[in-house]
Amino acid sequence: MAEKKRGWKELPIGAIIDEAGSSEKFKTGDWREGRKPVLNKDKCTNCLLCWIFCPDSAIIVSNNEMKGFKYDYCKGCGICANQCPIGAIEMVPEEE
Amino acid sequence: MKVVAKTANEAMAEAMRQINPDVVAAYPITPSTEIVQIFSRFVADGEVDTEFVPVESEHSAASACTGAAAAGARVMTATSSQGLALMNEVLFVTPALRLPIVICAINRTLSAPINIHCDHSDTMDQRDSGWMQFYVEDSQEAYDSVIQAVRITEEAFLPAIVSADAFILSHSLQRIEMLEDEEVQDFIGEHKTPYSVLDVDNPITVGPLDLQDYYFEHKRGEAEAMRKTPPIIKKVDREFGERFGREYGLIEEYRIKDANKAIVVMGSTAGTAKEVVDTLRQDGEKVGVVKVKAFRPWPREDINKSLEGLEYVAVMDRAEGMNGFGSPLFTEVRSSLYEIDKRPDIYGYVYGLGGRDVKPRDLKKVFDDLKKVESGKKIERVNYLGVRE
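As they're listed, the protein sequences go chains A and B.
So in this note's numbering, spot 25 of the first sequence is number 25, and the numbers just go up one at a time.
So in this note's numbering, spot 312 of the second sequence is number 312, and the numbers just go up one at a time.
No lab work stands behind these hints: they were computed from the structure.
All values derive from a computational prediction rather than experimental measurement.
Please note that a few of the clues may not be correct.
Stated by the list, open to error - Only pairs whose alpha carbons sit at most 30 Å apart, straight line, appear in this in silico DSSO-like list of lysine-lysine: (1) A:Lys70 - A:Lys25; (2) B:Lys305 - B:Lys286; (3) B:Lys219 - B:Lys274; (4) A:Lys9 - A:Lys43; (5) B:Lys257 - B:Lys192; (6) B:Lys228 - B:Lys192; (7) A:Lys9 - B:Lys219; (8) B:Lys235 - B:Lys257; (9) B:Lys192 - B:Lys274; (10) B:Lys219 - B:Lys192; (11) B:Lys359 - B:Lys371; (12) A:Lys27 - A:Lys75; (13) B:Lys286 - B:Lys234; (14) A:Lys4 - A:Lys70; (15) B:Lys234 - B:Lys2; (16) B:Lys364 - B:Lys2; (17) B:Lys286 - B:Lys359; (18) A:Lys27 - B:Lys219; (19) A:Lys9 - B:Lys234; (20) A:Lys25 - A:Lys36; (21) B:Lys377 - B:Lys274; (22) A:Lys5 - B:Lys228; (23) B:Lys257 - B:Lys305; (24) B:Lys364 - B:Lys342; (25) B:Lys219 - A:Lys4; (26) A:Lys5 - B:Lys219; (27) A:Lys41 - A:Lys25; (28) B:Lys228 - A:Lys4; (29) A:Lys9 - B:Lys192; (30) A:Lys25 - B:Lys219; (31) A:Lys9 - B:Lys228; (32) B:Lys234 - B:Lys192; (33) B:Lys235 - A:Lys9.
To be verified - If you anchor each label on the Cβ, the simulated ranges turn out as follows: (34) A:Glu24 - B:Val4: 55 to 61 Å; (35) B:Gln185 - A:Lys70: 53 to 59 Å; (36) A:Lys43 - B:Val200: 41 to 47 Å; (37) A:Lys70 - B:Lys219: 54 to 60 Å; (38) A:Leu48 - B:Val53: 55 to 61 Å; (39) A:Trp8 - B:Glu242: 51 to 57 Å; (40) A:Lys43 - B:Asp128: 56 to 62 Å.
For each residue, glycine too, the CB sits at the ideal point set by N, CA and C.
Taking the hints into account, I'd like the entire structure generated from these sequences.
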């Protein structure tokens, strides 16, 4: 369920954010329009260039291995697909 | 206390020295250049502890000041006219972040045509920015108001512009009574800040993106902060009066009690108006002056209380509102009066643009106009005083 939004009297002074790391709560993945990245695991060499270049930290990496995408934050810019040296990431229409 | 001769520029620079702010970031512009020039000498001579940042523009000055205030510093600057206009973008940020900063402004007209002399168009341009605005009548009030503004801004957590008329005040020597350095320090007290980005134990984000879901709530809070300023200003002013013997109020009434006609005016022209009123009173005319010191917050209740029951009022604007009707002070006063039953007949006068001199005979003409209205003649609702037809 969505968080109950606070009224103006309940907000911290000066429109500051008074907790660290709160940007995780802002699911920018819904800004994505039309296409999303998908990974071909058979081709991927785990070079992690996608992880380096992703401007939204939306590449999931575990034990130095490329595991996929955080679609809650991926804006669908396609930089990962463009940077992948062996074409293991493809931008596909959102429905697929 | 010592009695000295100071221009408003010198008086405000001396006030800054005694306040000893943590940071001053400024860029020179006529006629406020002297304030920063004198202050930079205090910095060079080690008379203050201030970090002085000679920036490359007023936009940068306002930005550096806002950043320094967010870091918890006591911050001041000075500017005029085009410089204030160049600050415009940042000036909306400072009060939204609820940061206390004091600007010593010298009221100079805005281009075009280019002109370095007095009118209030520069600060009027900032009337909706969220800064408190105090217009002063003389060097003494400039000096006192800058010191008061430090306390006011740090209690309201909103910034303030203290403005004095270009050349008429900024470059004219007047007698002022200066406080001792310790008295000023004692009056302003320890610096208060709403938060600090340097407080590593309480990490915060200042100025993040704020969309449809929260922007409105944040602006509502900012609006409320301005609504709460009148009692803060009055309290600080009263305390200043108790300690040092000078008090100003949000507005000042001059011989208004039994008056049936009055001039409402801001800045140095208030002094001229008082002189004219004294002369006319000798002839038995019931005239008075209401000097508006605080234009932001707008002192609605004080204005209504003082003008209720008067019959004829002329509101003097040293700025042209360019709205096809009346200028800012006129429209604010007229709008406030709508709430009261015994409203005076009210007329607007635009005067003194680009430093056009305003003499006692000019203001006498305004009272003469009101007398004409009293005797049944019609005059224009909004008039231009001292312009060649």
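Each hint tested on the structure:
1. A:Lys70 - A:Lys25: holds (13 Å)
2. B:Lys305 - B:Lys286: holds (18 Å)
3. B:Lys219 - B:Lys274: Distance of about 39 Å is beyond 30 Å: violated.
4. A:Lys9 - A:Lys43: Judged against 30 Å, a Cα distance of about 54 Å means the pair is violated.
5. B:Lys257 - B:Lys192: violated (39 Å)
6. B:Lys228 - B:Lys192: holds (17 Å)
7. A:Lys9 - B:Lys219: Status holds; Cα separation ~11 Å.
8. B:Lys235 - B:Lys257: holds (24 Å)
9. B:Lys192 - B:Lys274: violated (38 Å)
10. B:Lys219 - B:Lys192: Holds, because 22 Å separates the two Cα atoms, which is no more than 30 Å.
11. B:Lys359 - B:Lys371: Measuring from Cα to Cα gives roughly 19 Å; hence the hint holds.
12. A:Lys27 - A:Lys75: OK: lysine 27 of chain A and lysine 75 of chain A at ~10 Å, within 30 Å.
13. B:Lys286 - B:Lys234: Holds, at roughly 28 Å.
14. A:Lys4 - A:Lys70: holds (24 Å)
15. B:Lys234 - B:Lys2: holds (26 Å)
16. B:Lys364 - B:Lys2: violated (36 Å)
17. B:Lys286 - B:Lys359: Satisfied, since the Cα-Cα distance of roughly 20 Å is no more than 30 Å.
18. A:Lys27 - B:Lys219: Holds. Lysine 27 of chain A to lysine 219 of chain B sits at ~24 Å (cutoff 30 Å).
19. A:Lys9 - B:Lys234: holds (24 Å)
20. A:Lys25 - A:Lys36: holds (21 Å)
21. B:Lys377 - B:Lys274: Holds - the C-alpha atoms of lysine 274 of chain B and lysine 377 of chain B are around 26 Å apart, at most 30 Å.
22. A:Lys5 - B:Lys228: holds (25 Å)
23. B:Lys257 - B:Lys305: Answer holds: lysine 257 of chain B to lysine 305 of chain B is near 11 Å, not above 30 Å.
24. B:Lys364 - B:Lys342: Between lysine 364 of chain B and lysine 342 of chain B the Cα gap is close to 25 Å, so the pair holds against 30 Å.
25. B:Lys219 - A:Lys4: holds (19 Å)
26. A:Lys5 - B:Lys219: holds (16 Å)
27. A:Lys41 - A:Lys25: holds (29 Å)
28. B:Lys228 - A:Lys4: Cα-Cα ~28 Å, so holds.
29. A:Lys9 - B:Lys192: holds (21 Å)
30. A:Lys25 - B:Lys219: holds (22 Å)
31. A:Lys9 - B:Lys228: holds (14 Å)
32. B:Lys234 - B:Lys192: holds (19 Å)
33. B:Lys235 - A:Lys9: Status holds; Cα separation ~24 Å.
34. A:Glu24 - B:Val4: 55 to 61 Å: holds (59 Å)
35. B:Gln185 - A:Lys70: 53 to 59 Å: At roughly 54 Å between Cβ atoms, lysine 70 of chain A and glutamine 185 of chain B fall inside 53 to 59 Å, so the hint holds.
36. A:Lys43 - B:Val200: 41 to 47 Å: holds (45 Å)
37. A:Lys70 - B:Lys219: 54 to 60 Å: violated (33 Å)
38. A:Leu48 - B:Val53: 55 to 61 Å: Since the Cβ atoms of leucine 48 of chain A and valine 53 of chain B sit about 42 Å apart, the hinted range of 55 to 61 Å is violated.
39. A:Trp8 - B:Glu242: 51 to 57 Å: violated (35 Å)
40. A:Lys43 - B:Asp128: 56 to 62 Å: Taking Cβ atoms as reference, lysine 43 of chain A and aspartate 128 of chain B lie about 58 Å apart, which means the hint holds.
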